[in-house]
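Visitor: Sequence:
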Amino acid sequence: MNKKRIILTVVLIIVIAGLFYAFDRMKYTSLNEKALNQITKNDEVRIDIRRESDSARVSVTNKEMVDKILNELSVVELKKENFTEIDGDYRVRIYVNGVEKLSMAVFVDKNYVMISKEGDYKIVNQNNFKKMFEDPSLKWVVSKDNSD
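For the sequence shown, the numbering used here gives the first residue as 101, with consecutive numbering after it.
Hints in this document: simulated from the structure, not taken from any laboratory.
Do not take every clue at face value.
Pairs of lysine-lysine residues, derived as BS3-like cross-links and limited to a Cα-Cα distance of at most 30 Å, are as follows [as the list claims (entries may be wrong)]: (1) K168 <-> K231; (2) K210 <-> K127; (3) K201 <-> K163; (4) K103 <-> K222; (5) K201 <-> K179; (6) K180 <-> K217; (7) K103 <-> K230; (8) K104 <-> K239; (9) K231 <-> K180; (10) K201 <-> K231; (11) K127 <-> K179; (12) K179 <-> K231; (13) K180 <-> K168; (14) K230 <-> K179; (15) K239 <-> K127; (16) K239 <-> K201; (17) K104 <-> K222; (18) K104 <-> K134; (19) K134 <-> K201; (20) K141 <-> K104; (21) K222 <-> K239; (22) K231 <-> K134; (23) K141 <-> K180.
Just the calculated beta-carbon pair ranges, DEER-fashion [what the hints assert, rightly or not]: (24) D189 <-> Y128: 45 to 51 Å; (25) D167 <-> V110: 27 to 33 Å; (26) K168 <-> L119: 23 to 29 Å; (27) N171 <-> E218: 57 to 63 Å; (28) G118 <-> K168: 39 to 45 Å; (29) Q138 <-> V241: 48 to 54 Å; (30) N228 <-> V110: 43 to 49 Å; (31) K201 <-> L119: 30 to 36 Å; (32) I113 <-> D143: 24 to 30 Å; (33) K217 <-> S155: 22 to 28 Å.
Quick caveat: nothing in here was measured; it's all calculated off a predicted structure.
Think of the CB as a built atom: it goes at the ideal place given N, C-alpha and C, for glycine as much as any other residue.
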């Protein structure tokens, strides 16, 4: 009887640990899974970016630059977390064939993104996507209008 109790306890501990592990893994995703994998090469894509510090904006429609940005974003791995800040450093909106597919706030120094209708995510892998905001080919236009 004592041996059965020990085996049952060990099995129960393993099952509980497995459930915790599975639940934690369900929190992981990527920007590719959230929206980008729906974009085909025949789609017309526009990426609007707003820099919050000075309300500068850029709208990217050049296919080469759009592909470069999408490639950088597609490798960003995320973990679902609660994050309390509201305004990020950048606001990124991706439109496919005129329809908004992804809207997110990017917190550069804190490695977080807040995806509209999805929630808050910590960036968990090393990537270069934040450097895309500094790309010299982006033509930022400073606007006095702070609206989206």
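Visitor: With respect to the beta-carbon atoms only, verify the hint that K201 and L119 lie 30 to 36 Å apart.
Guide: The hinted range 30 to 36 Å holds for K201 and L119, with Cβ atoms some 34 Å apart.
Visitor: Sort out whether K180 lies within 30 Å of K141, counting only the CA atoms.
Guide: holds (29 Å)
Visitor: Measuring from beta carbon to beta carbon, are G118 and K168 in 39 to 45 Å?
Guide: holds (41 Å)
Visitor: Does the Cβ pair D167, V110 satisfy 27 to 33 Å?
Guide: At roughly 52 Å between Cβ atoms, V110 and D167 fall outside 27 to 33 Å, so the hint is violated.
Visitor: Verify the CB-CB distance for Q138 and V241 against the hinted window 48 to 54 Å.
Guide: This hint is violated: roughly 29 Å between Cβ atoms.
Visitor: For the pair D189 and Y128, does the Cβ-Cβ distance stay inside 45 to 51 Å?
Guide: The hinted range 45 to 51 Å is violated for D189 and Y128, with Cβ atoms some 23 Å apart.
Visitor: Taking 43 to 49 Å as the stated bounds, is the beta-carbon spacing between N228 and V110 within them?
Guide: Since N228 and V110 have Cβ atoms about 46 Å apart, the given range 43 to 49 Å holds.
Visitor: Does the Cβ pair N171, E218 satisfy 57 to 63 Å?
Guide: violated (21 Å)
Visitor: Would the pair K127 and K179 pass a check requiring their Cα atoms to be no farther apart than 30 Å?
Guide: holds (5 Å)
Visitor: Run the distance test for K104 versus K222: straight-line Cα separation, threshold 30 Å.
Guide: Roughly 43 Å between the alpha carbons, so the hint for K104 and K222 is violated.
Visitor: Can you tell me whether the CB distance of I113 to D143 sits inside 24 to 30 Å?
Guide: Between I113 and D143, where Cβ atoms are some 49 Å apart, the hint is violated.
Visitor: Between K104 and K239, is the straight-line Cα distance small enough, at 30 Å or below?
Guide: violated (71 Å)
The structure is inconsistent with the numbered hints 4, 7, 8, 15, 17, 18, 20, 24, 25, 26, 27, 29 and 32, although it conforms to all the rest.
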